[in-house]
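The lines below spell out each chain.
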Amino acid sequence: MRRVYLDYAATSPVRCEVVKAMQPYFSDIFGNPSSMHAFGRDAKVAIETSRAEVAHLIGAEPGQIIFTSGGTEANNFAIKGVACAKQEKGDHIITASIEHHSVLETCRFLQQQGFKVTYLPVDRYGLVDPSEVKRAITKKTILVSVMHANNEIGTIEPIAEIGKITRQEGICFHTDAVQTFGAIPVNVNELNVDLLSASAHKLYGPKGVGMLYVRKGIRISSFLHGGEQEGRKRAGTENVAGIVGFGKAADLALNELNERIEHARKLRDKLIKGIFYHIEDVGLNGHSGLRLPNNVNVAIAFIEGESVLLNLDLAGIAVSTGSACSSNSLEPSHVLLATGLSPEVCHGTLRFSIGCDTTEDDINYVLEELVKTVKRLREMSPLYKEKHKNGRSVQQ
Amino acid sequence: MDGLYNSKVMEHFRNPRNVGEIENPDGVGHVGNPVCGDIMELYIKVNGNRITDAKFKTFGCGAAIATSSMVTELVRGKTVEEALRISNRAVAEALGGLPPVKMHCSVLAEQALKSAIEDYLKRRIK
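Those protein sequences? They're chains A and B, same order as listed.
Numbering (this note's numbering) for the first sequence: 438 to 833.
Numbering (this note's numbering) for the second sequence: -6 to 119.
The hints are simulated quantities; they were obtained by calculation from the structure and are not laboratory data.
We treat Cβ as the ideally placed atom computed from N, Cα and C, and that holds for glycine.
Heads up, some of the hints might be wrong.
To give a feel for the contact side, a few chain A residues facing chain B, derived at Cβ under 8 Å [claimed, not checked]: (1) K707; (2) F713; (3) Y714; (4) D718; (5) G720; (6) H724; (7) L751; (8) M817; (9) S818.
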């Protein structure tokens, strides 16, 4: 059976160049980077090379990169680390309602510890208004955390503008760049950010490794206590092979960035156009322009996302959905709800995310199967029948 | 496919039985699930106290479609009294079980059936 993977926002396959780069670091160059002998020194060199590669991709200094176990840890680290380091200064954190769970749940945890958190609303496109950030700032605000681009709807936030405000106010600014690092240009100086999270497995690197960028002079508490690794901020023997893979993936991304963007954008626009041409009563979620080049998120009226996902899966196609039915909580996506979509519309949302290996043929196949699936499920849907009875079209 | 659902559920999802509407039905059940937003519509035809035909239309997930399909299968040929005794558990069991998070879908199927029968009984009184 033909298989088409369109869930690159969830994770991506490790590129063969990356696997190759990692290979020696399992058995040949296996030393502990903290060891003084040659085995250890070789591993240490590898880590520092990767640190430079990762730093280079975001215009940072190698010394400002702390390797972590992934994006979730980096987000936990940034928020808890700043909260802990600055608790004498204040107890107020500002974030956005559409953040990844690793930010939202960390903020909720801190609320239980007595911190106060403002969850900023977004507009219908998922955009945070920088002036709302400004308005939310109090004398007690110690941290603002707004994601660079949203993982579900692909909206790219006005990070540079928000960063200008936080800089004027002298408040620490963190961005979760898991979806943008290696996908669009990310430069910590242009973005005016103090902390930035990224993960390797979204850009054809391995799972289990990520990083937190910390601008020089930003006070942050250690996340893991123990040895002296990562400038004593994150103890534990380094995931050497993973870090090497991350460095290689970052290096590849840097060299291929423009090509990747162009490739994804072309296929993204083809998919969006195709969906709107072939299927009636669909809506695009997120922003049409300020959007990740690889993200398509649509609401398909009268049918439910999980059943679409299952049907596409049977046809070998991998996508994701914001439907309540697909979550254990049975609640629709908090991101889609925050953009003002009704729970019914959230129910029928699908996310397609494109990658380097996606082809035009893949998009044609997906369109073909999607049209079939939608037709089949709509014929089964009592809502679709209602629509035809009423002879009206539902606008989203 | 391995995963959330067993092969029987997937089979009913792929090839749902009795999809559609019945013209001039003897009872119609229309229920919505307040938990997740799924909607189920069930039509029955009754002949001499026996349910001779059942059809459905469903807006919902894989489990909602499979339980709709199964409940229409279970109810065909049953008397009204027998049909009223079909529980959500029986629907789920007939499908070889559902993931715990999806059990509410079987409740919806039971409610759709009860609502269709109630509608039938009401129409009969009139």
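If you take the shortest Cβ to Cβ gap from M817(A) to chain B, is it below 8 Å? holds (5 Å)
With chain B as the partner, please determine if D718(A) meets the hint condition of a C-beta pair closer than 8 Å. violated (13 Å)
Interface hint check: K707(A), Cβ to nearest Cβ on chain B, cutoff 8 Å. Holds or violated? violated (28 Å)
Given hint L751(A) near chain B, where the shortest CB pair must fall under 8 Å: holds (7 Å)
How about S818(A): closest beta carbon in chain B under 8 Å, or not? With a minimum Cβ separation of about 5 Å from chain B (threshold 8 Å), the hint on S818(A) holds.
Take the shortest C-beta to C-beta distance between G720(A) and chain B; is it under 8 Å? Not OK, violated: G720(A) not within 8 Å of chain B, min 17 Å.
Should the interface hint for F713(A) be scored as holding, given a Cβ-Cβ cut-off of 8 Å against chain B? violated (22 Å)
How about Y714(A): closest beta carbon in chain B under 8 Å, or not? violated (24 Å)
Cut-off 8 Å, beta-carbon criterion: hint that H724(A) touches chain B: At about 26 Å, which exceeds the 8 Å cut-off, the nearest Cβ of chain B leaves the hint on H724(A) violated.
Hint check: violations occur at hints 1, 2, 3, 4, 5, 6; the rest are consistent with the structure.
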